[in-house]
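Asks: Residue-level listing of the chains:
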Amino acid sequence: MEHREIVVVGGGPAGLCAALQAARLGAKVLLLEGDDRLGGQLIKQTHMFFGSEKQHAGTRGVDISAMLVKELKSMDNVEIRTNAMVIGRYDDGALTVDENDEFKLIYPEKVVFATGASEKMLMFANNDLPGVYGAGAVQTLMNVFGVMPAKKVLMVGAGNIGLIVSYQLMQAGVEIAAILDAGPQIGGYLVHASKIRRAGVPILTRHSVKEAIGTDMVEAAVITQLDESWQPIEGTEKTIECDAICLAVGLSPFADLFWQAGCEMKFIPELGGHVPSRDENMETSIEGIYLAGDVGGIEEASAAMVEGYLAGLNAAVSLGYGLAEAEGLRADLKDQLNDLRSGPVGDKIRSGLAKLQDD
Amino acid sequence: MRLEEHPILKFDRGPRVTIYFEGKPIVAYEGETVAAALHAAGVYHLSDSQEQHRPRGFFCAIGQCSSCMMVVDGMPNVKTCIVKVKDGMSVQVQRGKGDLGWSIEK
Chain A
19 MEHREIVVVG GGPAGLCAAL QAARLGAKVL LLEGDDRLGG QLIKQTHMFF
69 GSEKQHAGTR GVDISAMLVK ELKSMDNVEI RTNAMVIGRY DDGALTVDEN
119 DEFKLIYPEK VVFATGASEK MLMFANNDLP GVYGAGAVQT LMNVFGVMPA
169 KKVLMVGAGN IGLIVSYQLM QAGVEIAAIL DAGPQIGGYL VHASKIRRAG
219 VPILTRHSVK EAIGTDMVEA AVITQLDESW QPIEGTEKTI ECDAICLAVG
269 LSPFADLFWQ AGCEMKFIPE LGGHVPSRDE NMETSIEGIY LAGDVGGIEE
319 ASAAMVEGYL AGLNAAVSLG YGLAEAEGLR ADLKDQLNDL RSGPVGDKIR
369 SGLAKLQDD
Chain B
37 MRLEEHPILK FDRGPRVTIY FEGKPIVAYE GETVAAALHA AGVYHLSDSQ
87 EQHRPRGFFC AIGQCSSCMM VVDGMPNVKT CIVKVKDGMS VQVQRGKGDL
137 GWSIEK
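So the sequence lines, in the order shown, correspond to chains A and B. Just so we're aligned, residue 19 is where the first sequence starts under the numbering used here, counting upward by one. Just so we're aligned, residue 37 is where the second sequence starts under the numbering used here, counting upward by one.
It should be emphasised that the hints constitute simulated quantities derived from the structure, not laboratory data. Here the structure is a predicted model, which is why all the values come from computation and not from measurement. There may be inaccurate statements among the hints.
Unchecked claim - Think about it this way: if two alpha-carbon atoms lie no more than 20 Å apart in a straight line, the pair counts; the simulated SDA-like pairs of lysine to any residue are:
id : chain 1 : residue 1 : chain 2 : residue 2
1  : B       : Lys46     : A       : Met166
2  : A       : Lys213    : B       : His42
3  : A       : Lys366    : A       : Tyr207
4  : A       : Lys170    : A       : Gln189
Given these sequences and hints, build the entire structure.
Replies: As structure tokens, then:
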């Protein structure tokens with residue numbers, strides 16, 4: 019059994035920043051990551067980030083991760099443990115941890131859950147065939163392990179993930195048969211979409227997959243046009259040859275630990291499903307449990323990082339650290355979040371966050 | 037197939053090891069997951085669904101979807117998308133729920 023000041027669960031963008039901010043203010047921090055690598059989704063992001071300088075705009079995700087990890091490792095008041103998966107949180111505050119196949123109990127004074135999200139499935143015939151992959155899985159194969167995911171991919175979803183992963187596939191020498199999106203418009207940034215269109219890849223809005231074809235593995239896909247109420251239009255089916263169908267149709271927050279802890283949860287589709295309620299300091303309905311990043315609502319990694327700084331700051335302040343600088347830092351981080359969520363691309367997240375305030 | 041050249045990334049692979057898929061030797065590199073090594077070798081069918089025995093493969097790569105569960109060194113239900121290769125490891129397609137007899141013997 020161990021007692022700790024602040025435990026951060028999850029070593030992705032939100033968790034890294036939460037640990038950093040709390041440690042910069044002097045708190046003693048333990049960072050637990052279930053995987054053997056830190057960085058979460060950042061280590062697969064080969065594109066340069068948007069946002070402002072404070073969120074490392076212009077730097078590739080993979081390099082941002084390396085910078086954050088380097089600073090964390092240089093600090094004496096931070097301990098990082100990988101292959102340490104938090105599997106439960108009990109009413110006495112205990113975290114149960116599976117660390118290198120050993121079972122451990124850790125009691126934190128404050129905890130930040132930054133557990134991220136997982137890929138959503140899409141319903142179509144034969145969607146269980148090998149060759150139907152989540153977009154994150156394709157990125158892992160290609161950008162972490164250097165394995166060619168497929169030869170010719172049909173991408174489903176023209177949000178930022180679908181567009182960016184398509185472009186990364188093209189960089190790795192994979193052909194993109196087409197990118198489909200069920201919505202009337204491309205959801206992702208235009209700058210990504212135009213790069214792909216310039217390379218001759220069709221982006222078909224109001225289209226979806228009807229069926230995967232193949233016996234042991236995807237050999238083709240039947241696509242169909244959708245009408246204004248999102249229903250397939252008969253007679254518009256087309257068969258597209260491909261050896262993979264990649265799904266980039268959204269993410270669901272990984273909120274299991276909040277459920278187990280008994281935090282108040284709300285179902286908010288704009289945020290990706292069930293998410294914990296929180297106050298403006300990123301603290302949940304249970305004192306001492308904070309959240310940051312996609313687990314509280316699906317957003318860009320830049321927002322996850324800022325939320326991480328904010329959660330780490332408030333967890334440290336609640337233990338009496340950094341009282342002098344807290345107010346200024348907090349105001350700056352809130353401004354950064356507001357900037358990131360401004361304009362039409364932030365509509366969805368703003369409306370989701372507003373619903374959090376409803377009773 | 038493995039990527040050797042990439043415009044942005046450089047892949048630092050660990051030492052080369054051999055794993056055995058259904059008895060057949062497959063080249064892998066330390067640090068890789070079992071599923072990644074199998075994918076590189078063109079093995080996409082990792083398990084059979086329990087009721088209808090449909091082929092299942094790699095899907096989420098983060099140990100959540102259960103689609104990649106295989107029999108590894110005799111142990112069933114191993115999530116091969118997050119378990120790393122070891123030299124000499126034996127890997128088989130999992131058919132059905134898996135037999136836990138191995139744990140009683142060991």
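Asks: For each hint, tell me whether it holds in the structure or not.
Replies: Status of each hint after checking the structure:
no. : hint                : in the structure
1   : B:Lys46 - A:Met166  : holds (14 Å)
2   : A:Lys213 - B:His42  : holds (18 Å)
3   : A:Lys366 - A:Tyr207 : holds (14 Å)
4   : A:Lys170 - A:Gln189 : holds (13 Å)
The structure agrees with every numbered hint stated previously.
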